[in-house]
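There are 2 protein chains.
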Amino acid sequence: MSDRPLILVTNDDGIHAKGLFSLSQIAKDFGDVVVVAPDKPQSGMGHAITMATPLWLKEAHLDNVSAYSTSGTPVDCVKLAVYEIMHRKPDLILSGINHGSNSSINVIYSGTMSAAVEGAVEGIKSIGFSLLNHDEDADFSESEPFIRKIIENVLREPMMLGSCLNVNIPQGKPRGIKVCRQAKGYWEDSFVKRSDPQGNNYYWMKGDFVVKEKGEDTDLWALDHGFISVVPTQFDMTAHHAIANLNTWKF
Amino acid sequence: MSDRPLILVTNDDGIHAKGLFSLSQIAKDFGDVVVVAPDKPQSGMGHAITMATPLWLKEAHLDNVSAYSTSGTPVDCVKLAVYEIMHRKPDLILSGINHGSNSSINVIYSGTMSAAVEGAVEGIKSIGFSLLNHDEDADFSESEPFIRKIIENVLREPMMLGSCLNVNIPQGKPRGIKVCRQAKGYWEDSFVKRSDPQGNNYYWMKGDFVVKEKGEDTDLWALDHGFISVVPTQFDMTAHHAIANLNTWKF
Numbered sequence: 001m002s003d004r005p006l007i008l009v010t011n012d013d014g015i016h017a018k019g020l021f022s023l024s025q026i027a028k029d030f031g032d033v034v035v036v037a038p039d040k041p042q043s044g045m046g047h048a049i050t051m052a053t054p055l056w057l058k059e060a061h062l063d064n065v066s067a068y069s070t071s072g073t074p075v076d077c078v079k080l081a082v083y084e085i086m087h088r089k090p091d092l093i094l095s096g097i098n099h100g101s102n103s104s105i106n107v108i109y110s111g112t113m114s115a116a117v118e119g120a121v122e123g124i125k126s127i128g129f130s131l132l133n134h135d136e137d138a139d140f141s142e143s144e145p146f147i148r149k150i151i152e153n154v155l156r157e158p159m160m161l162g163s164c165l166n167v168n169i170p171q172g173k174p175r176g177i178k179v180c181r182q183a184k185g186y187w188e189d190s191f192v193k194r195s196d197p198q199g200n201n202y203y204w205m206k207g208d209f210v211v212k213e214k215g216e217d218t219d220l221w222a223l224d225h226g227f228i229s230v231v232p233t234q235f236d237m238t239a240h241h242a243i244a245n246l247n248t249w250k251f
Numbered sequence: 001m002s003d004r005p006l007i008l009v010t011n012d013d014g015i016h017a018k019g020l021f022s023l024s025q026i027a028k029d030f031g032d033v034v035v036v037a038p039d040k041p042q043s044g045m046g047h048a049i050t051m052a053t054p055l056w057l058k059e060a061h062l063d064n065v066s067a068y069s070t071s072g073t074p075v076d077c078v079k080l081a082v083y084e085i086m087h088r089k090p091d092l093i094l095s096g097i098n099h100g101s102n103s104s105i106n107v108i109y110s111g112t113m114s115a116a117v118e119g120a121v122e123g124i125k126s127i128g129f130s131l132l133n134h135d136e137d138a139d140f141s142e143s144e145p146f147i148r149k150i151i152e153n154v155l156r157e158p159m160m161l162g163s164c165l166n167v168n169i170p171q172g173k174p175r176g177i178k179v180c181r182q183a184k185g186y187w188e189d190s191f192v193k194r195s196d197p198q199g200n201n202y203y204w205m206k207g208d209f210v211v212k213e214k215g216e217d218t219d220l221w222a223l224d225h226g227f228i229s230v231v232p233t234q235f236d237m238t239a240h241h242a243i244a245n246l247n248t249w250k251f
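Here the protein sequences come in this chain order: A and C. Note that the numbering used here has the first sequence beginning at 1, numbered continuously upward. Note that the numbering used here has the second sequence beginning at 1, numbered continuously upward.
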């Protein structure tokens, strides 16, 4: 067995995404890489897991790395990788590079980030990377030196128990890296209503993103100003600050 | 228009679940109720949303309440309800009653809790209820007075900005209500491997829940001791405590 770090690379855009390939090629310089990714796009799948149906797993072909595709979600990919393919916890999970932003509240809808969060739940160092460009053929080259720098830091520093990193990268040449918090915002949705040939109504979801604050310590501020945002992201969803007040309620 | 509170009831077990019906009947005593729930079970869907395909929406039939089923996830149900069916934010979202626990890390996989979290994201008072009984025909009667008490409190008190409540209810007659934090734990998964008639391998996910602590202020402790657990649950996933350390890294 190699004494190089064992690195799992996954994503939510699927096994054929350019961002996954780019990340796997960077990862090779840091350790032994196994890619386990969804066999189709799974954007917006959040922390979904597959319980009612089985999962299919197939070998896939990616240049110079061991690769598998699954019929499941990004979180399923992490679970299959850890418990069925690797039979041990990898030293590092890299998720992405996502085609599109996972800043602010998007972290909660994102399959890419949920894979990283699942890594943190299982006690594995994990990073989700996203580029603010939805293009299938997005150019990841300008972000590469920064991605390398972040991976180096994560491998060198002790595990941040209970959290992973949410890294978002602006388009063009980044001005640097800022450690941030998740900005407050939400999607004000609307639906386009249509009828199918049988007369049944169906709806397409559309959304306008609403920013709810002007803080300069947020991921949105950093990205708007040309910086890469790094948000430490946890899975303890307890609103600890609300506990004292709740204890005054008359249950 | 009524001046009674407008209440959305949803779940992840689907429109036909007994827990949804029980909760809608309780909700009727507190306001005007609209039920919008998935047309099939959506357990484990986390915060997934449907973006690549459209959503179907149909009127459904539930005793004495306005009801709709959708082809989407629990979070889709909240979005369709708020932006397409009600055309305004309801005063309260009730999600559940889930058939099975959503304590500890299960909050992050749970469609029921993700619907409540989505309510919080959109600034709506929201509560997710779960009974520690997976039986389709579970008896919700002993939990009903406690559910009423919790709803009364949430309607009376100011909105807890940025959070909702995760309420888990033990089987039998509860001893009371405890405000708690989410216990540390995770699923140690394994997979049952089989082959289909074409020789393709498929995998069923199984898991053993591993508790990582012995705290007496957690939801698991409360439930193990016969109490209902109430955990204030937020959508800010920033690990704020990790920011100072991250700022010392050599990016």
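Quick caveat, the hints were computed from the structure, so don't treat them as lab data. Warning: the hint list may mix true and false statements.
It does not matter which identical chain is meant; a pair holds if it fits inside one copy or across any two.
Here are the simulated BS3-like cross-link-like pairs (lysine-lysine), alpha carbons at most 25 Å apart as the crow flies [as the list claims (entries may be wrong)]:
1. Lys250 - Lys214
2. Lys89 - Lys193
3. Lys193 - Lys212
4. Lys28 - Lys214
5. Lys40 - Lys206
6. Lys173 - Lys250
7. Lys212 - Lys28
8. Lys28 - Lys250
9. Lys149 - Lys250
Note that the structure is predicted; figures quoted are calculated from it, not measured.
Comparing the hints with the structure gives:
For the homomeric pair Lys250 and Lys214, neither the shortest alpha-carbon distance inside one copy (36 Å) nor that between copies (27 Å) is at most 25 Å. Proximity of Lys89 and Lys193 under a CA criterion of 25 Å is satisfied inter-copy only: 20 Å between copies versus 46 Å inside one chain copy. Taking identical chains as interchangeable, the C-alpha atoms of Lys193 and Lys212 are never at most 25 Å apart, the minima being 28 Å within one chain and 47 Å between chains. When the C-alpha separation of Lys28 and Lys214 is checked against a cutoff of 25 Å, the pair qualifies neither within a copy, at 39 Å, nor between copies, at 40 Å.
Both within a single protomer and between protomers do Lys40 and Lys206 lie at most 25 Å apart by alpha-carbon distance, with minima of 21 Å and 23 Å respectively. In this assembly of identical chains, the alpha carbons of Lys173 and Lys250 lie at most 25 Å apart only when taken from different copies (19 Å versus 55 Å within one copy). Taking the shortest Cα distances, Lys212 and Lys28 never come within 25 Å of each other, neither inside one copy (40 Å) nor across copies (33 Å). Taking identical chains as interchangeable, the C-alpha atoms of Lys28 and Lys250 lie at most 25 Å apart only when they sit on different chains, with a minimum of 22 Å there against 57 Å within one chain.
Within a single copy, Lys149 and Lys250 get their C-alpha atoms only as close as 52 Å, which misses the 25 Å cut-off; across copies the closest is 8 Å, which meets it.
Violation of the numbered hints given earlier is confined to hints 1, 3, 4, 7; the remaining hints are satisfied by the structure.
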